[in-house]
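Novice: Sequence:
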Amino acid sequence: MPVFILTLLFILPNFAQQNLTQPRASQQASVSQRVGLTDITINYHKPGVKGREVWGKLVPYDQVWRAGANENTTISFNTRVKINGKEVPAGKYGLHMIPTEKNWTIILSKDNAAWGSFFYDESHDQMRFTTTRAATDFQEWLSYTFDDVSPNSTTVALRWENLSIAFTIDVDVNQLVAESMEEQLTGLAGFGWQGWNQIANYYTLNNMDME
0 MPVFILTLLF
10 ILPNFAQQNL
20 TQPRASQQAS
30 VSQRVGLTDI
40 TINYHKPGVK
50 GREVWGKLVP
60 YDQVWRAGAN
70 ENTTISFNTR
80 VKINGKEVPA
90 GKYGLHMIPT
100 EKNWTIILSK
110 DNAAWGSFFY
120 DESHDQMRFT
130 TTRAATDFQE
140 WLSYTFDDVS
150 PNSTTVALRW
160 ENLSIAFTID
170 VDVNQLVAES
180 MEEQLTGLAG
190 FGWQGWNQIA
200 NYYTLNNMDM
210 E
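In this text, residue positions in the sequence shown follow numbering that gives the first Met the number 0: the first is 0, and each later residue adds one.
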């Protein structure tokens, strides 16, 4: 058998396995919000209702759900934050939820690269907490928004079909700004009087202890 035929027999099956890139039914989306010096980003995919009954049917109650579609929904912070009164280190986390007819469980997992929630492992939880659900206007496509943004906090809200699920992220802005300034003053900024003046003014304006 000629060499080129043998080559084709080897190559063609590999070509046949290559999937062409096409639009996905649940499109990828990303939302970000800055609070002080903290950047919060949520990456997710947007499933549609498409005439289906979502809660308790398409998304079963009392089971871990990917809080979106396709790959893990993720939430990331470039500094430490507080959620539900608990400190969460800077990092990127898989975001999962357990829907019920009343309160929902929100889960931040240290695993952030899995496919959906199929490989979710409770032992890898960074944290979990409960929140209430609320009725909302009809929403065809699942979406995440940042609501009630303040100098020190923001509320993350998931909306889909006729429900909204929200939780608040708090940021210790003054402490993080002070730590950032002090770190900058160990570099070139520390050789001039302006940097020291700026940090002194910041501490004074925000009633912070300089010791």
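Since the hints were made in silico from the structure, they are not lab data.
Since we're looking at a predicted model, the values are computed, not measured.
The beta carbon of each residue, even a glycine, is placed where N, CA and C say it ideally should be.
Don't take every hint at face value.
[To be verified] Think about it this way: if two alpha-carbon atoms lie no more than 16 angstroms apart in a straight line, the pair counts; the simulated EDC-like pairs of lysine to aspartate or glutamate are:
{"id": "1", "residue 1": "Lys-45", "residue 2": "Glu-139"}
{"id": "2", "residue 1": "Lys-91", "residue 2": "Glu-70"}
{"id": "3", "residue 1": "Lys-45", "residue 2": "Glu-160"}
[Stated by the list, open to error] Here are the in silico distance ranges between beta carbons for each label pair:
{"id": "4", "residue 1": "Gln-26", "residue 2": "Glu-178", "range": "35 to 41 angstroms"}
{"id": "5", "residue 1": "Asp-136", "residue 2": "Gly-55", "range": "17 to 23 angstroms"}
{"id": "6", "residue 1": "Gln-174", "residue 2": "Glu-100", "range": "36 to 42 angstroms"}
{"id": "7", "residue 1": "Tyr-201", "residue 2": "Glu-100", "range": "14 to 20 angstroms"}
{"id": "8", "residue 1": "Lys-91", "residue 2": "Glu-178", "range": "36 to 42 angstroms"}
Novice: Now look at each hint and say whether the structure bears it out.
Specialist: Now the hints, each set against the structure:
1. Lys-45 to Glu-139: Given that 16 angstroms is the threshold and the Cα spacing comes to 9 angstroms, the pair holds.
2. Lys-91 to Glu-70: holds (14 angstroms)
3. Lys-45 to Glu-160: holds (12 angstroms)
4. Gln-26 to Glu-178: 35 to 41 angstroms: holds (38 angstroms)
5. Asp-136 to Gly-55: 17 to 23 angstroms: The hint (17 to 23 angstroms, Cβ to Cβ) holds, given that Asp-136 and Gly-55 are roughly 20 angstroms apart.
6. Gln-174 to Glu-100: 36 to 42 angstroms: holds (40 angstroms)
7. Tyr-201 to Glu-100: 14 to 20 angstroms: Hint violated: Cβ distance 48 angstroms, outside 14 to 20 angstroms.
8. Lys-91 to Glu-178: 36 to 42 angstroms: violated (21 angstroms)
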